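Please take these sequences and the hints and turn them into a complete structure.
2 protein chains.
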Amino acid sequence: MSEPTASAPKAAELAALARTLDAADDLAPVRERFALDDVVYLDGNSLGALPAHVPDRMADVVRRQWGELRIRSWAESGWWTAPERIGDRIAPLVGAAPGQIVAGDSTSVNVFKALVAATRMAGEGRTEILVDATTFPTDGYIAESAARLTGCTLRAVTPQEVPSALGDRTAVVLLNHVDYRTGRLHDLPSLTAAIHASGALAVWDLCHSAGALPVGLDEHGVDLAVGCTYKYLNGGPGSPAYLYVRSELQPRFDSPLPGWNSHQDPFGMSPSYAPAPGALRGRVGTPDILSMLALEAALEVWDGVSVAAVRAKSLALTDFFLRCVSEYSGPGRVQCLTPDSHAERGSQVALRCADAGEVMKRLIARGVVGDFRHPDVLRFGFTPLYTGFGDTERAARILGEELAR
Amino acid sequence: MSEPTASAPKAAELAALARTLDAADDLAPVRERFALDDVVYLDGNSLGALPAHVPDRMADVVRRQWGELRIRSWAESGWWTAPERIGDRIAPLVGAAPGQIVAGDSTSVNVFKALVAATRMAGEGRTEILVDATTFPTDGYIAESAARLTGCTLRAVTPQEVPSALGDRTAVVLLNHVDYRTGRLHDLPSLTAAIHASGALAVWDLCHSAGALPVGLDEHGVDLAVGCTYKYLNGGPGSPAYLYVRSELQPRFDSPLPGWNSHQDPFGMSPSYAPAPGALRGRVGTPDILSMLALEAALEVWDGVSVAAVRAKSLALTDFFLRCVSEYSGPGRVQCLTPDSHAERGSQVALRCADAGEVMKRLIARGVVGDFRHPDVLRFGFTPLYTGFGDTERAARILGEELAR
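So the protein lines, in turn, are chains A and B. When we follow the numbering used here, the leftmost residue of the first sequence carries the number 1, and every step to the right adds one. When we follow the numbering used here, the leftmost residue of the second sequence carries the number 1, and every step to the right adds one.
Keep in mind that a hint or two might mislead.
One copy or any two copies: either way a pair holds, since identical chains are not told apart in the list.
In silico DMTMM-like links for lysine to aspartate or glutamate, alpha-carbon gap of 20 angstroms or less [what the hints assert, rightly or not]: (1) Lys-361 x Glu-68; (2) Lys-10 x Asp-371; (3) Lys-361 x Asp-37; (4) Lys-361 x Asp-376; (5) Lys-10 x Glu-327; (6) Lys-10 x Asp-38; (7) Lys-361 x Glu-401; (8) Lys-361 x Glu-76.
In case anyone wonders, no lab produced these hints; they're calculated from the structure. Just so you know, these numbers come straight off a predicted model, no measurement behind them.
Structure follows, in structure tokens:
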């Protein structure tokens, strides 16, 4: 098919190194908690793999909770309180104390809640929303809608430009913790501090960081945050997103989507709205229970796993991948968009190359699953819970072969 | 325990009549499509029963589609197009041609989309939203938020007051097709016509009518509609709601939640928003696939079932229930809140009685499941797909016994 681009001794050395790294990996046994096959699955930053115990759990939810208990499950199976219970399970993964997160709705809907509520908490005369110009597009679209409905102006700036863009008029800044395309990790502590120094509120989108690295929401005084749960949290396709509202701000959180689930007495069926205290006020309508409880079950793979250990392994994996890519692909075939500095790297590697769409198709055909981002980016996500160094070496080797074709 | 309130010959006569009615019921075999037990389940207007084939379908979705195909399922298992495919499956049940409904989000979120978009389509100077004062509360709370964000005023009126409340300033009217508490069916054709005659738009909430009676969205020119799918559509706990936008209005549908799923080129990842054509523009973020596909599977119980037949049986069931309640409970023990006229009756019977909460608990303990609505209402929902006349007689008989205690 193709000439190997690294010498055979070099390949043997990398494979041996991978075995050594896998043998020393304390997280290696966690892989057994997932239903995996021989594929090297490097797309957990798009859809996390299936935790092995989830199918039986879902069978119970469907057959017994819905099928037998039916309506009684709202109380007896804990359906009604699932959004806040799951929020509290996510909380330690993003550095939040309990009572500040609820699960539910999509990330887009939660961005809307967070931004509109933030503009309502902003000081007098603060009528500008700053949004990450490099964001996953939906955040920008929703920010535009929030600005339009609240009479604010909207300005798109890169995270690097945020400090100089902040001013007396800034109400809120919406930023991504990790850029979905390049895998660049932004400096949440210092950007949050700069935003606060200007008197504005910070809203962070954690879709590409939660479950892959420490976030420290409470420690860094983040005001509001949103995130999805189907990437590094492995909650299942389209599993519910979540909303974090810092406890001090909760009394002033004034939702643009005040559905009955956020009422202080939802079953009182009062015609007038009175918000529940705490994180509950981020709820809206009846939650998607099947998706919600699959997510709750999936979060059990985190039992006994520390985010610090995950972060250490994530950096070791991406370091090793970059080294292997360099060895196997040779110079000039790919351009790495992901920062080399650990402080600026999430848990994915983005490589720009010619014909990226075609290259990714061939990789997938050969059992290495990453994804393609228009127009020329190969994305490889590293989920330390189930990705090993051997997988990583194999992926880089096959990529090198395909690039050499 | 208690004296029977109907004579034994009378009870025997009603039981015999129930058997005759069940024997003549063309829909009786449809009950086999559900996982049911000996309980008389009259709470399908809150959570529909489990269709028997759904557990196996969900096992496949979880184990194979998520667990084995993983990310490929977005294309290969049709995940991406589920919202509009499911919308088209719901369409005939509510009298809509294809291409006008998308499934996704909660009812509350869809009410928000519909109301804000409607105010944007309303004529010059039309800045008042009318909302059903008797509505399920969430619609009112969301309407208040929509009014606040769009600079409109909000006025709560009963459906009966709508014609006289309409005027040059009316932008949109949000009405419930069936009152969740009393089971009263409102006159959708004539109210929609009155709303249109005044130059306003009509938004209907179909939560308590879809799947229980003909709606005729297209026939009656309804502008926008929303509904849940976990009641008479049996989609599962908190299953996704849906949004209908009449095809002629779609080009002007300007969503307040323009998430990336509603973009004309969602994978182009453009920083600027351009809405998809058609019903797709009602989508927002990534759909909850597990809940979505359970709903899709559940809708198969409708194969070969006509809504007209369901409506005919529904009226026969509620007529028979009211007759049995009258015979078994005697005069004065309960007050029926549901209209006697077929033209004004949905598919539930609401009875007001003393100690309603306690009475319902005792009914449930005896295998008759309805629900209690604060402060004094017993609600019994009749799902013609799986409720028979024998069930109905038994429920009324046990109710009579409990009321006589």
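Structure-based check of all given hints:
Proximity of Lys-361 to Glu-68 under the C-alpha cut-off of 20 angstroms is restricted to the inter-copy arrangement: shortest distance 18 angstroms between copies versus 45 angstroms within a copy. Taking CA atoms no more than 20 angstroms apart as the test, Lys-10 paired with Asp-371 passes in neither setting, with 27 angstroms inside one copy and 71 angstroms between copies. With identical chains, the CA atoms of Lys-361 and Asp-37 are at most 20 angstroms apart within one copy only, with a shortest distance of 19 angstroms there and 50 angstroms across copies. In this assembly of identical chains, the alpha carbons of Lys-361 and Asp-376 lie at most 20 angstroms apart only when taken from the same copy (13 angstroms versus 62 angstroms across copies).
For the identical chains of this complex, Lys-10 and Glu-327 are intra-copy neighbours only, at 8 angstroms inside a copy versus 90 angstroms across copies, given an alpha-carbon limit of 20 angstroms. Taking identical chains as interchangeable, the C-alpha atoms of Lys-10 and Asp-38 are never at most 20 angstroms apart, the minima being 24 angstroms within one chain and 70 angstroms between chains. Taking CA atoms no more than 20 angstroms apart as the test, Lys-361 paired with Glu-401 passes inside one copy only; the shortest distance there is 14 angstroms, against 69 angstroms between copies. Taking the shortest Cα distances, Lys-361 and Glu-76 sit within 20 angstroms of each other only across copies (14 angstroms), while inside one copy they are farther apart (47 angstroms).
Of the numbered hints stated above, those contradicted by the structure are hints 2, 6, listed in ascending order.
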